[in-house]
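> Assemble the whole structure, with the sequences as input and the hints as a guide.
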Amino acid sequence: MRRHRCQPRPAWRQKVEAIGLTFHTAPEGPYWDESACYELTADEVNALETAASTLHALCIEAAEAVIENQWWRRLGIPEIAIPSILRSWERDDFSLYGRFDFSYDGQSPPKLLEYNADTPTALIEASVAQWFWLQDTHPDADQFNSLHERLIEAWRHWAGQTIHFSSVKEHDEDQQTVLYLRDTCEQAGVLTRFVFIEDIGWDSERNCFVDLDNEPIRRCFKLYPWEWLWHEDFGGYLANDPVCFIEPAWKMLLSNKGLLPILWERFPDHPNLLPTYEQAAPLGGSFVRKPKLSREGANIAWVESGVAVEETGGDYGWEGHVFQAPAPLPDFDGNHPVFGVWIVDHEPAGLGIREDIHRITGNLSRFVPHFFL
Amino acid sequence: MKRSRRIQLVLLGGLSAGAMAGCGPTSDAPRVGDADAVCTNNLYIPGAGYYHAPFRAWYPRPYNYFDPNTRLYYYGGQWAPTPHQSITNISPPTAQQLARATAALTPIRRGGFGSSSRSHFVGT
Chain A
1 MRRHRCQPRP
11 AWRQKVEAIG
21 LTFHTAPEGP
31 YWDESACYEL
41 TADEVNALET
51 AASTLHALCI
61 EAAEAVIENQ
71 WWRRLGIPEI
81 AIPSILRSWE
91 RDDFSLYGRF
101 DFSYDGQSPP
111 KLLEYNADTP
121 TALIEASVAQ
131 WFWLQDTHPD
141 ADQFNSLHER
151 LIEAWRHWAG
161 QTIHFSSVKE
171 HDEDQQTVLY
181 LRDTCEQAGV
191 LTRFVFIEDI
201 GWDSERNCFV
211 DLDNEPIRRC
221 FKLYPWEWLW
231 HEDFGGYLAN
241 DPVCFIEPAW
251 KMLLSNKGLL
261 PILWERFPDH
271 PNLLPTYEQA
281 APLGGSFVRK
291 PKLSREGANI
301 AWVESGVAVE
311 ETGGDYGWEG
321 HVFQAPAPLP
331 DFDGNHPVFG
341 VWIVDHEPAG
351 LGIREDIHRI
361 TGNLSRFVPH
371 FFL
Chain B
1 MKRSRRIQLV
11 LLGGLSAGAM
21 AGCGPTSDAP
31 RVGDADAVCT
41 NNLYIPGAGY
51 YHAPFRAWYP
61 RPYNYFDPNT
71 RLYYYGGQWA
81 PTPHQSITNI
91 SPPTAQQLAR
101 ATAALTPIRR
111 GGFGSSSRSH
121 FVGT
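The listed protein sequences correspond, in order, to chains A and B. Using this note's numbering, the final residue of the first sequence is 373, and nothing's skipped along the way. Using this note's numbering, the final residue of the second sequence is 124, and nothing's skipped along the way.
I should point out that these hints are in silico values taken from the structure, not numbers from a laboratory. Note that CB positions come from ideal geometry on N, CA and C, so glycine has one too. A few of these clues could be false.
Sample of chain B residues at the chain A side, in silico, Cβ under 10 Å [unchecked claim]:
hint	residue
1	I7
2	V10
3	R56
Have a look at this one:
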């Protein structure tokens, strides 16, 4: 594995904007960063692909254990959500995607940091932007990226039907991500409609959610976390499954960092897992403390010998924490990459790499493209 | 070979702005009901309030509501030391008021999702 410094393409901003990556630059600096790229070997790509495939299966097994043992409190799942999760699990409701985040240095096996199984983002970057970057800069090289075709193929499950898509207002990244997913969905022969999360209505006569045209919402891709939906004013209406949501309710089990200690209990010393517990004690004084439901690296503390050497802010933590052994920290000229392996329709489908000069990957960590030979 | 062979976009890119703009509300305007409708004093509509016939509008308190603390009477959106005197106890609401009341009568409520996003990032 090597990190190369690169000359960004002329007019790269216009190029990525033209394919939907309008959020390429944050006020703090570049987010899409093609001044560098990662070169991997085929073996390294295979290691990441195999790890993701294996761990997806292990996560399903661990989720089954949660259900059998009724470990709802270990995951901080509200009582009202449990029947819906169980029905969704029994029906094997359709799941489109997720993203495993790995620490990986190319030497030791990839180590799972977390599974973003409900509302993963950085999709346009991984699927489209780095693919066009590859055509322009390394046309003969390969890339771990079949996301676009795999998404279209997965959506064919719903061909001829209508799916609503929903995201929050005033959030460019989320709206573009949802627009891209609609794009792939329509190419699969599915009719799509859009409604902002805030505009979803509840029709008390028809007992259904409706869009702004008062059309019933029967199937809905939501870029909005399940745990928020349950806690909001309309959460009570979800109990009778009025909508087939994508991602489905059972993904609450996989997207929860509370699953990490359960994975470690059931598969101790698995080469792709880090020791993770519900208390810090088994790890001594060095660990990474993560809220079970935090997003974008919020409220994470990196503790060494009892001292927090790095900590991020945020509003999470009320739901409880898990304590994970620190992963080996790859270092390329002071940059620490995290390898996000995408799962589409239960199979690995691509890779996106984000890097940061800090140990903790956050919402400002840069997306850097990759290739392999 | 693990990469995509061809990526075609139909909504993203140049069409993004138009595609999103096309998703906005198209028929969420209030449905105004019967233009000849008449309402009696204190007709209560949840979300609209109490109808005050002399003023052809809905208000948050009943017509000539008396507040024992201030010893004032409420009518037409104001408080006064004496009750309002009028022979009008039935009237047609103004078009604007009728639209407002009709909207309040709809069985559809909105805004029950999205509050968490104001303080958190959505994606992971």
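> Of the numbered hints stated previously, which ones are contradicted by the structure, given in increasing order?
3
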